[in-house]
Each structure stands twice: as C-alpha cells, then as structure tokens.
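In order, the protein sequences belong to chains Y and B. Reading the first sequence from the start, the letters are residues 1 to 253 in my numbering. Reading the second sequence from the start, the letters are residues 1 to 63 in my numbering.
Keep in mind that the hints were calculated from the coordinates and are not lab data. Every residue, glycine too, gets a C-beta built ideally from N, C-alpha and C. There could be a bad hint or two in this list.
Unchecked claim - SDA-like cross-link-like pairs, simulated, lysine to any residue; straight-line CA separation at most 20 Å:
hint	chain 1	residue 1	chain 2	residue 2
1	B	K40	Y	D66
2	B	K40	Y	S218
3	B	K40	Y	I225
4	B	K40	Y	G65
5	Y	K132	Y	A106
6	B	K40	Y	G209
7	B	K40	Y	L214
8	B	K40	Y	D216
9	B	K40	Y	D211
10	Y	K132	Y	E109
11	Y	K132	Y	V105
12	B	K40	B	L25
13	B	K40	Y	L219
14	Y	K132	Y	P34
15	Y	K132	Y	L166
16	Y	K132	B	E11
17	B	K40	Y	A217
18	B	K40	Y	T67
19	B	K40	Y	P213
20	B	K40	Y	I221
21	Y	K132	Y	D99
22	Y	K132	Y	L30
To be verified - Label pairs and their calculated CB-CB ranges:
hint	chain 1	residue 1	chain 2	residue 2	range
23	Y	A119	B	L9	41 to 47 Å
24	Y	G153	B	A20	23 to 29 Å
25	B	W38	Y	A106	52 to 58 Å
26	B	V32	Y	A106	51 to 57 Å
27	Y	L54	B	S35	34 to 40 Å
28	B	D41	Y	A232	23 to 29 Å
29	Y	L164	B	A49	34 to 40 Å
30	B	V32	Y	L176	55 to 61 Å
31	Y	L176	B	A36	54 to 60 Å
Said to hold, decoys possible - Stretch by stretch, here's where chain Y covers chain B in the computed footprint (C-beta under 8 Å, at least three residues):
hint	region
32	10-18
33	23-37
34	40-47
35	50-59
Chain by chain, the residues:
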Amino acid sequence: MTFVLTAVGAALAVALELFEALAIVLAVALTRRPAAALAGAATAVLACALVGVLVGPVLVAQVAGDTLRVVVGVALLLFGMEWMRKGVLRLAGRRARSDSYAEFVAEREALAEVEPPGAGRFDWPGFVIAFKGVFLEGVEVILIVTVLAARPGGLAPTVVGSALALLLVVGLGLVLHRPLRRLPESELKYVVGLVLTTFGTFFCAEGLGVDWPLGDASLLIVLAIWLGISQAAVRVLAGARGGRPQPVEEAAA
Amino acid sequence: MRTVRKLVLGETWALPIGIAIAVGLAGILSAVAGSADWWKDAGGFILLALLACAFVAALGIRR
Chain Y
1 MTFVLTAVGA ALAVALELFE ALAIVLAVAL TRRPAAALAG AATAVLACAL VGVLVGPVLV
61 AQVAGDTLRV VVGVALLLFG MEWMRKGVLR LAGRRARSDS YAEFVAEREA LAEVEPPGAG
121 RFDWPGFVIA FKGVFLEGVE VILIVTVLAA RPGGLAPTVV GSALALLLVV GLGLVLHRPL
181 RRLPESELKY VVGLVLTTFG TFFCAEGLGV DWPLGDASLL IVLAIWLGIS QAAVRVLAGA
241 RGGRPQPVEE AAA
Chain B
1 MRTVRKLVLG ETWALPIGIA IAVGLAGILS AVAGSADWWK DAGGFILLAL LACAFVAALG
61 IRR
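Looking at chain B on its own, in the form it has when it is part of the complex (with noise of 0.2 Å):
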C-alpha cells in the first residue's frame, strides 16, 4: 500500500494536499462565478496562481 501511494500521491502529503485546496478552491470560485465572464476569462490564471502556491509550499520555500 505504501508503494502505491507513493506511485500515484508522491513522496510527500504537502503536493496531493496543496493540489486537493487548489484545485477545491477553483471549483467553489467556479461555482460562485456560474457563468460570468471574469472567471471564464481569468479562471485558469487564477487555478494556476492557486497550484502555483501549492507547489512552493511543497518546496519547502519560506520567506
């Protein structure tokens, strides 16, 4: 079991987590949004910035 987590979460929790909160959060935003034009336009750049954020805290990158 743990091999197979490794193989499809990873070496660590923090990335399937920060992924897990990213991309949940783009969703409520979308849901929020339903079919307005700002989140068709500039939701992607906001899922990525979300992702973006994920992947430093993974890092282990601090101020």
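One chain only, chain Y, in its complex shape (with noise of 0.2 Å):
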C-alpha cells in the first residue's frame, strides 16, 4: 500500500509540474523557433539533474535513521501542506483554478509580441524563456521526488511513478502539440498535496519515536483526518462568502 501510494503521489506531482513545464516550452516552440525551445528545455533539464546529484547524495549523507524521517517529514510537508492549502482555497473559489491551457495561450500572446531573431540568427529569448519554465518547474520535481526516494523503501516507487509521469507527458507532448484543456488540474494538486502531507504527517511522527497503531496501515487513517480537516476547510471558506465565493488570489502554480 505505501509503494502505491508513494507512486501515485510521485507520479501526480511530476506529471503536473510537466505539464506546466511543457506549456512553456510549447508555447516558445509554436510561437518563435522550435529549436530554441528544446535547447532551453534539454539545457534546464541537465540543470535540474545537477541539482538531483547534488541535493539527493548530500541530503542522505548528512542525516540518517530518525533525525532523517524528521527531515523527509518537514520537507513532505512543507510541500503537501502548500499545496493543499492552495487546493483548498481554489476548490472554495478564493484563488483562481490551475490552468496549463490558459498559461499555454498567455505565453504564446506574450511571445507574439516580442520580435523574432533574424534569419540564422539563435533565438535566445527563446531559448531563455523555454530553459527558466522547465528549470523553475523541474527544481520542485526533483526536490519532491528527492525526498519521496529518500525515505526507506522509497526509492523503487518514486522512480516507477516519476517515470510513467514523465512518459505521459512527454508521449501526449508529442502527440497533442498543446496541453491538455480539460484537465482537473486544481483538483489533482489538491490530492497530491493531501498524500504528501499524509507521507510528511506519517514520517515526522515516527521520526518522533511514534509507534503508530496499524503500522503502514495507519497512512489511510491520516490520510482520511487530512482529507475531513481539508474538506472542512473548503465548506467553511466557501460558505463565508454566502454561496457567492470570489477568487481573491491569482495562481501561480
């Protein structure tokens, strides 16, 4: 149950910073050069495989046996607790809902407006666009990633979730030449951010030297007393507005 849990997590993380990370690139690639975009994009995700070797072998190194489930835990929840809160007030309409496609149209009107590169001249605009989108989105994947395989038995169904992410969005890159338009995108970061803050919850605590009661079993119970509390949360923000709920924040990510 952890190693599906763990996969499922990795894989909705991953998947969803892809996505973002693929309507830029695609909108640099349809708008100006297509080979700018995949310099900028091949060039971040070296980058990010860099900050991989050198976050994942230290972050090991450095802690081990329970001082190292705390800090897995904090960083879990650092992460899912972030998301889940953004979730929350989204899913209350106090925030405007996660849109790849609507990214994906702003960034190709911005680019519209910037001149193109002469003929036989590199497109570095381009290229720097394309590169900060996928540098930016691919340094929280490696971080959430890094700290799902850092934890004992992590390694196997974080790299099995992150790889089958990065196949899906990669194939549907290929094949669609745009983002998907009607993906729950909002709803989908609000369940990553629940596992992670269940993983981050359940590790802390042992780390803490709790026994938790059923074991492994015991991440369905967190996970359900994170899913009432987050709910709850929803209903409440939802329902100060007198049904009429009104985005007072814009998304970022």
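Take the two lone chains, each set in its own frame, and fit them into one complex as the hints suggest.
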C-alpha cells in the first residue's frame, strides 16, 4: 500500500509540474523557433539533473535514522501543506483555478509581441524563456522526488511513478502539440497535497519516536483525517461568502 | 532568492512557521515523554492536531 501511495503521489506531482513546463516549451516552440525551445528545455533538464545529483546524496549522507525521517517529513509537509492550502483555496473559489492551457495561451500571446530574431540567428529570448520555465518547474520536481525517494523503501515506487509521469507528459506533448484542455489540475494538485502531507505527518511522527497503531495501514487513517480537515476548510471558506465564492488570489502554480 | 524561497517554503510565511512550531512542540513532547507509552501510542495524532492548527491558521480561517 505504501508502494502504491508513493508511486501515485510521485506520478501526480511530477506529471502536474511537467504539464506546466510543457505549456511553456510548446508556447515557445509554436510561436518562435522549435530549436530554441528544445535547446532551452534540454539545458534546463541537465541543470535539474545536476541539482538532483547534488541534493540527493547530500541529504542521505548527512542525516540518518530518525533525524532523516524528521527531515524528510518536514520537507514533505512544506510541499504537501502548501499544495493542499492552494487546493483548498481553489476549491473554495478563493483563488483562480490552476490551468496550464490558459498559461499556454497567455505565454503565446506574450511571445507573439517579442520581435523574432533575424534569419540565421539563434533565438536567445526563446531559449531563456524555455529554460526558465522548465528549470523552475523541474527543481520543484527534483525536490519532491528526492524527498520521497530518500525515505526507507521510497526509491522504487518514486522512480516508477516519476517514469510513468514523464512518459505520459512527453508522449502527450509529442502527439497533441498543446496542453490538455480539460485536465482537472486544481483537484489533482489538491490530491497531491493530501498525499504528500499524509506521508510528511507519518514520517515526521516516526522520527519523533511514535509507533503508529496499525503500522503502514495508519497512512489511510492519516489520509482520511487530512481529507476531512481540508474538506471542512473548503466548506467554511466557500460558505463565508454566502455561497458566492470570489477569487481573491491569482494562481501562481 | 525570492523564487527559491517560494519554491521551498511556499507563498506565505504562516505555513512554514506553523509547521516549525508544530514539529518543535512535538519534539519537546517526545523528549519529555522519553520512552513512555502514551507518546508512542498517541504522539502521531498529537502531531497531526498541531499541524492541523497550523494549516487552519495559514488559511486565515477565524471563528
């Protein structure tokens, strides 16, 4: 069960971040020059790999045992609770919904206003925009994947989930040449937040000497409690405006 | 630096500070309890309750 939850959490987190990166790369490729978009994305992937190589071994080598569980737990809580916070605000109508397609359209419109480079010249603006988009989303992927993989028994399910997500997103990008339009991104990000927060709570407590009553099966209890708390928060926040929810924050990620 | 902070800690300070306080309090309780059974049995749910308070505070929900 832990394997499945970890794999699903990793797959969803990686896929959603990659969808956002894909939207930017496709916008650059379709508006300007595909070579610059691909070069920017490839360079960003190499930079992300470097970050992964640096962060992963340092995390595992410098901390061990219960301390590692607390460090991993806190990192998962930081990511998970932030995703869950944004998810609750979106589901309550207090924040604009997450929409990679809208970002794709906005990015294309913005890029169309930038003058294209002359014939035979490399498109540096396109390269930088693609690099920045992929690198920023990629670093978040690297951090989440590293933390999920760093805990005992976490490597295999994290790799499986991440690999499936990578194949899915790259495949869709190659076939569709545009982001998915009807993907329920807000709901999926909320689910990722729930899963990461559940793991964070579980491992942090274990690192602090807790013996969960049902072992790994307690993950489901913790998940159910977080689901209840967050859904109650959605209802309270949505109801606070008399059933007429209004977005008060712009979506950033 | 602002982007890195946003990537790691999120958009608000309330959540990371709340998590730090919750985990810090749980750490103190764990140290006080030592190997006592009550902490081993109920400590996870105590941590969860502390984190839930931090989460609600970060959402800005007030009575």
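Structure-based check of all given hints:
This hinted pair checks out: K40 (chain B) and D66 (chain Y) have alpha carbons roughly 14 Å apart, not beyond 20 Å. At roughly 14 Å between alpha-carbon atoms, K40 (chain B) and S218 (chain Y) fall within 20 Å of each other, so this suggested pair holds. Under the criterion of a C-alpha separation no larger than 20 Å, the hint pairing K40 (chain B) with I225 (chain Y) is consistent with the structure, at around 19 Å. Between K40 (chain B) and G65 (chain Y) the CA atoms are separated by roughly 17 Å; this keeps the pair inside 20 Å, and the hint holds.
For the suggested pair K132 (chain Y) and A106 (chain Y), the alpha carbons sit about 16 Å apart, so the restraint of at most 20 Å is met. Straight-line distance between C-alpha atoms of K40 (chain B) and G209 (chain Y) comes to about 6 Å, which keeps the hinted pair within the 20 Å bound. Pair hint K40 (chain B) plus L214 (chain Y) holds up; C-alpha atoms about 12 Å apart against a cutoff of 20 Å. Distance hint between K40 (chain B) and D216 (chain Y) is fulfilled; the C-alpha atoms sit about 15 Å from each other, no more than 20 Å.
Taking the CA atoms of K40 (chain B) and D211 (chain Y), the gap is near 5 Å; set against the 20 Å cutoff, the hint holds. Proximity of K132 (chain Y) to E109 (chain Y) is assessed by CA-CA distance (about 18 Å); at most 20 Å being required, the pair is judged to hold. Among the hinted pairs, K132 (chain Y) with V105 (chain Y) is consistent with the structure: their alpha-carbon atoms are about 18 Å apart, no more than 20 Å. Distance check on the hinted pair: K40 (chain B) and L25 (chain B) sit about 15 Å apart at the alpha-carbon level, within 20 Å; holds.
Only pairs whose Cα atoms come within 20 Å are accepted, and K40 (chain B) paired with L219 (chain Y) is accepted, the gap being roughly 16 Å. Between K132 (chain Y) and P34 (chain Y) the CA atoms are separated by roughly 16 Å; this keeps the pair inside 20 Å, and the hint holds. Of the supplied pair hints, the one linking K132 (chain Y) and L166 (chain Y) holds, its CA atoms being roughly 19 Å apart against a limit of 20 Å. For the suggested pair K132 (chain Y) and E11 (chain B), the alpha carbons sit about 19 Å apart, so the restraint of at most 20 Å is met.
At roughly 16 Å between alpha-carbon atoms, K40 (chain B) and A217 (chain Y) fall within 20 Å of each other, so this suggested pair holds. As the CA atoms of K40 (chain B) and T67 (chain Y) are separated by approximately 17 Å, the hinted pair is consistent with the 20 Å bound. Proximity of K40 (chain B) to P213 (chain Y) is assessed by CA-CA distance (about 9 Å); at most 20 Å being required, the pair is judged to hold. For the proposed pair K40 (chain B) and I221 (chain Y), the alpha carbon gap of about 16 Å is at most 20 Å, so the pair holds.
For the proposed pair K132 (chain Y) and D99 (chain Y), the alpha carbon gap of about 19 Å is at most 20 Å, so the pair holds. Of the supplied pair hints, the one linking K132 (chain Y) and L30 (chain Y) holds, its CA atoms being roughly 17 Å apart against a limit of 20 Å. Taking the beta carbon of each, A119 (chain Y) and L9 (chain B) are about 45 Å apart, inside 41 to 47 Å as hinted. Distance hint for G153 (chain Y) and A20 (chain B): a CB-CB separation of about 27 Å, consistent with the stated range 23 to 29 Å.
Distance hint for W38 (chain B) and A106 (chain Y): a CB-CB separation of about 54 Å, consistent with the stated range 52 to 58 Å. Against the hinted window of 51 to 57 Å, the Cβ-Cβ separation of V32 (chain B) and A106 (chain Y) comes to about 53 Å, which satisfies the hint. At roughly 37 Å, the beta-carbon separation of L54 (chain Y) and S35 (chain B) lies within the given 34 to 40 Å, and the hint holds. Between D41 (chain B) and A232 (chain Y) the CB atoms are about 26 Å apart, so this pair conforms to the stated range of 23 to 29 Å.
At roughly 35 Å, the beta-carbon separation of L164 (chain Y) and A49 (chain B) lies within the given 34 to 40 Å, and the hint holds. With their beta carbons about 57 Å apart, V32 (chain B) and L176 (chain Y) fall inside the hinted range of 55 to 61 Å. For the hinted restraint 54 to 60 Å between L176 (chain Y) and A36 (chain B), the CB-CB distance of approximately 57 Å keeps it satisfied. Counting residues of the region 10-18 of chain B whose beta carbon lies closer than 8 Å to any beta carbon of chain Y gives 5, which meets the minimum of three for the stated coverage.
For the region 23-37 of chain B, the stated coverage by chain Y holds: 6 residues have a C-beta nearer than 8 Å to a C-beta of that chain, and at least 3 were required. Counting residues of the region 40-47 of chain B whose beta carbon lies closer than 8 Å to any beta carbon of chain Y gives 5, which meets the minimum of three for the stated coverage. Remark: the region 50-59 of chain B is confirmed as covered by chain Y, as 7 of its residues place a Cβ nearer than 8 Å to a Cβ of that chain, reaching the required three.
The earlier numbered hints are all upheld by this structure, with none contradicted.
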